[in-house]
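Here is how the chains run, residue by residue.
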Amino acid sequence: MDILNALVAFANFVFIPAVAYGAQLALGALGVTLIYGILRFSNFAHGDTMAFGTTLTILITALMQGAGISFGPLPTALLALPFAIVLTGIVLVGTDRAVYRFYRKQRAAPVILTMVSLGVMFIMNGVVRFIIGVEDVTFADGERFVIGAREFRDATGLAEGLAIRTTQVITLVVAAIAVALLFWFLNRTRTGKSMRAFSDNEDLALLSGINPERVVQVTWLIVAALATTAGVLYGLDKSFKAFTYFQLLLPIFASAVVGGLGNPLGAIAGGFVIAFSEVGVTYAWKKVATYVLPESLAPDGLAQLLSTDYKFAVSFAILILVLLFMPTGLFKGKSV
Amino acid sequence: MKKLLLASTATAMLAGAAGAEEVKLGIIFGFTGPLESITPHMAAGAELAMKEVSESGLFLDGSTVTPIRADSTCVDASAATAAAERLVTSDGVKAIIGADCSGVTGAILQNVARPQGVVQISPSSTSPGLSEVEDDGLFFRTAPSDARQGAVMADIISGRGTTDVAVTYTNNDYGKGLADSFAAAFTEKGGNVTISAAHDDGKADYSAEVAALAAAGGELLVVAGYVDQGGRGIVQNAIDTGAFDTFYLPDGMYGPSLIEAIGDSLDGSYGDVPAAEGENVDTYHEMATAAGFDGTSSYAAESYDAAALVLLAMQAAKSSNGADYKGKIMDVANAPGEKINPGELSKALELIAAGQDVDYVGATNVEMAEPGESLGTFREYDITGGAVETVGFR
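As you go down the protein sequences, you meet chains R and L in turn.
Positions 17 to 352 (my numbering) are the ones given, in order, by the first sequence.
Positions 10 to 403 (my numbering) are the ones given, in order, by the second sequence.
Keep in mind that the hints were calculated from the coordinates and are not lab data.
Please note: incorrect hints may appear among the correct ones.
[To be verified] Mimicking DSS-like on lysine-lysine, the simulated pairs with C-alpha atoms at most 27 angstroms apart in a straight line are:
| id | chain 1 | residue 1 | chain 2 | residue 2 |
| --- | --- | --- | --- | --- |
| 1 | L | K212 | R | K327 |
| 2 | L | K33 | L | K356 |
| 3 | R | K327 | L | K185 |
| 4 | L | K356 | L | K60 |
| 5 | L | K60 | L | K33 |
| 6 | L | K212 | L | K198 |
Bear in mind that the values here come from a model prediction, so they are computed numbers and not experimental data.
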């Protein structure tokens, strides 16, 4: 019974939140890593691209709700998502035409492109705040829980409750579908293969007749899809606020770097590594330990490694450690 | 001729000593700075009381009261000190109403009010630190100290038989001050605070914070935060994960948006807010509307009371000299005596002139405790069936 209680407490407060958060980070990191691999710069505007895509989704969701369209027990935002992806894609390709292409033609150094993305970030940041404001926006509707904590306690008779939110399940399912589609596209389609070729060796790819502008466009479209999906899932699961999306940039970059920049598989692994460390290091293990350990060994204190205030410090610390000891990341990416 | 001259001089001197004068009161609030949106209403509140007293013609043998405004900036202690210095030395004010923010209030008290022997009364400085400073009996405030709310919270919670609570507070002076004063008062009553952890406002995800709170455990979660900020995120997440079922929601967490956002799951939670209800408050709001400002704005009512208390104390001491009337403020604020509601200042002046006691109630149910600060009234409330129900006042 105690072991079960410990497991449930662990699942409820560590495992489930971390898995959902990890999936959201992984989708974000995939976008960053694709840009790095194919366009060869760190896209600082990614967090705000997520915010922009989510803003569009929220607006379209509101329109749909106004028109009486709903998705049954699932959030209406999922129906709005494809439209938002298309619009975000158009904006990103447009930004590329207007801004990035100029620097690409000049064969500008990656660091210059990174700085350019910083400028794009500030503009997007402002646009998002202008459209939707700086306040919290909750746009999740439909059924809130798959299992509620109270029902779980009543049903099993355990002391600990287990809550699984609908949005957490949706996050995992949607993320899995998105990743599967991405890998299928990269490995099985002609365009995907040409993207990988372009990423591996640009000159060779150009020689073999790959159209670079087309590769770039497709990349931006995929990034728009990934960023909007990541943003919407995060917003559904937590809440939308322009500022928090900007802050997400740090854990997302940490995930991409930990996994190995430019390596899609690494981005996914990195997302989960960062999420589990953030939640695990700041979790107070007292409750779990009290269930598992014999009474004499049970901790008096909270058994918490770091106060939750330092959550972001965990991503920073991992980022620094990885850059020091494994610059190419867990899955052999490009060194930074 | 000589006699006539002497006689007229004597009359003039007599008139000067006992007759009408122009009493100036300084109003020093942050008309620029972080509180600039509420300070105009606070100043208007104080001026409303002065006008009422002045126009009654009953104040100190027909003296008039003139307000003089100055800018405390709320954050810049040296600018506030200079402005207060000017009020006292060049304008000759007989009392300083202000300042608004605790930091500049303390600076003015130490640098101007004490050296010059001028009474200072603040309507909005709530820092517990101001209760302990040296003030030569010159400093008063009509807003309760944050420490007071901590004690009230401890009373309410232990009164309901709860002994183990977890505390989370918003990571600023307000949150930390409230959490600390609550923890001290609650421990003294034999309660046990399992964890007192800060949370930052403006984040989307509070699962890690709630996980730590849940691990520490407790029958109740005290949320000393803001209702539209991190506080709501914490409550939402704690309910979602089943970490806590019951919450204690102090003033910053009181608001309809919380019940709207969370719904039935909040049933059984309770809390307190500084009481801002009753006939007197309504009377005051009507007076403010008639005078052309917003009486419901934060601390506008406290400002009215601050000015009224000073003027009534002057009347009781028959002098506008700080050294004479500083001891009278507590007398006019507290029982025994005739209760004085807002808008009844002329009645109070009359009673005092006739030698009777008054008990100033004013717009905020003023009750002063040593060392010269308002006890404040707190409304204890329950959340039942998605609505707030008043349990009682403390």
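Checklist entry - L/K212 and L/K198: Cα distance at most 27 angstroms? => result Status violated; Cα separation ~34 angstroms.
Checklist entry - Is it true that the CA of L/K60 sits at most 27 angstroms from the CA of L/K33? => result holds, 12 angstroms
Checklist entry - Hey, R/K327 versus L/K185, does the alpha-carbon distance stay inside 27 angstroms? => result Given pair R/K327, L/K185 holds - Cα atoms ~20 angstroms apart, limit 27 angstroms.
Checklist entry - Would the pair L/K356 and L/K60 pass a check requiring their Cα atoms to be no farther apart than 27 angstroms? => result holds, 14 angstroms
Item to check | Pairwise hint evaluation, R/K327 against L/K212, where the allowed Cα distance is 27 angstroms at most | outcome: Satisfied, since the Cα-Cα distance of roughly 12 angstroms is no more than 27 angstroms.
Item to check | Proposed proximity, L/K356 with L/K33 (alpha carbon, max 27 angstroms) | outcome: holds, 22 angstroms
The structure fails hint 6 only (numbered hints given earlier).
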